[in-house]
Amino acid sequence: MNQPPAAAADAPEEIPLPFEARPVLLLFSDDSTLFFALRMRDCLRAADPDLKIHMGWVVEENALSYRQMEQLLPEGPDLAIHGKGVFRELLLDQRYKAILTSRVFGALGGQLRRPEISAAAGRACVLAFLGGLDFFPQNGYFRRRNCDGVYLFPASEIPVYEKRAANWEDRMWQEVGFGHPTFLRPEIEPPADLATRRDIYFFTQALSPTSKRGRLHMLEAMAAIARANPDHRVWIKLRHLPHENQQHLHLEKHDYPGLLKELQDPPANLRLTACTMDEALENAALGITCTSTAAIDVLRAGVPCMVHLDFVDNYVDPLVEPMRRLFAQSGVITSLEDMLNLRAQAPNPEWVEDMFCPRDLGTRVLQTITRFNGRAFQVEVL
Amino acid sequence: MLQKLKQSSFGKLLYRLSRSSLGAPLRHLAQALQHEALNPAHLSARNRAHNKAQMQILKAFKAQNSALGK
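Taken in sequence, the protein lines are chains X and E.
When we follow this note's numbering, the leftmost residue of the first sequence carries the number 19, and every step to the right adds one.
When we follow this note's numbering, the leftmost residue of the second sequence carries the number 254, and every step to the right adds one.
Simulated from the structure, these hints should not be mistaken for laboratory data.
No false leads were slipped in.
Partial chain X-side listing against chain E, Cβ under 7 Å, derived:
| # | residue |
| --- | --- |
| 1 | S229 |
| 2 | A239 |
| 3 | A242 |
| 4 | R245 |
| 5 | A246 |
| 6 | V330 |
| 7 | Y333 |
| 8 | V334 |
| 9 | L354 |
| 10 | E355 |
| 11 | L358 |
C-beta: ideal position from N, C-alpha, C; glycine also.
Please build the complete structure, drawing on both the sequences and the hints.
Structural data, given as structure tokens:
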């Protein structure tokens, strides 16, 4: 674990570290933002093993259960961020060289909108990434307009962003880059033991399928795959347990443990798990999902992937068509018949190149931070 | 339409009534009207054909495996 940051009360007496020697702060408040922070930490460590990185827990927006925190970040956060004006302090007190986030929290965005904060000398650089697969990214682009760096994907979205940004009157120094720590270019070689793996994962999602009938249909399809492949285990990988994440942006209406009880005579090799994504991918022979970012994790790990969008009641699901558009050229959208018979296709390399960024993301992010510190027009803020 | 109703004074009156001590029947009615099975999209011939086709594929797969003793 990193050394905890100095107590706020001591800060005024301390001489601030030179900009480049300061730690980087990664923000999180729920499972999605924590996945981002953990992966970003890996990217930064790969770029600079000596870099100090602090994990900042935005308490007022918390939607993490104790179990999730213990499972994903057993060492705990380095900093609990709470209280009015805390983001102003974090930006101006020269404790951090950068704040990296996949969600522009309202209080942070509010500070960045102030011209004197934006132009403040020696302040922390704020880099915003997308939250994940975003089917309607226009609002997210606008929320990130005052951040010092914005990292987007697919690469083809960068000119779209720049075109929109041309109409924003309050845009200050900003660099736009390509990438996200979840969207690193996949390993070229599939896992060495792939042929001997026997675990098939269905990565569930809170919102999709929307209807109970659609979810039961998916569950029955998984049960049918399990029966047809008795030498395999079919895992229903839960994003969270039914009682967890009640404050999450995406609230699950029909949970799979409850639906499984309604299934008649489920096979013994159809099981539920709440393991982490990384644990699942260590032994997955195949990953199936509907509209989840999990498809990206599966592809990045070099594991065969199926995106199934033809489930029952898919027409009432608002995420199906945007997911279909985003994955149209991917080659991994799979019909029910192919899914049941485990006929997976390799992803289209051109689509992969547009969607997944080069693996030097950490280096590029650190370069953006250095360039930010050398920007023109910096003022002292009293 | 629902959004417009929510913003109207009639919509606000309904909301206040539903939150009052005698509002339970109103809440139950609202819940029933918002049930996912009542979505008019389920009535479209195209959507019904889609659901039927998916159910048939799954049924055929199950039958095929059942014949193989799985």
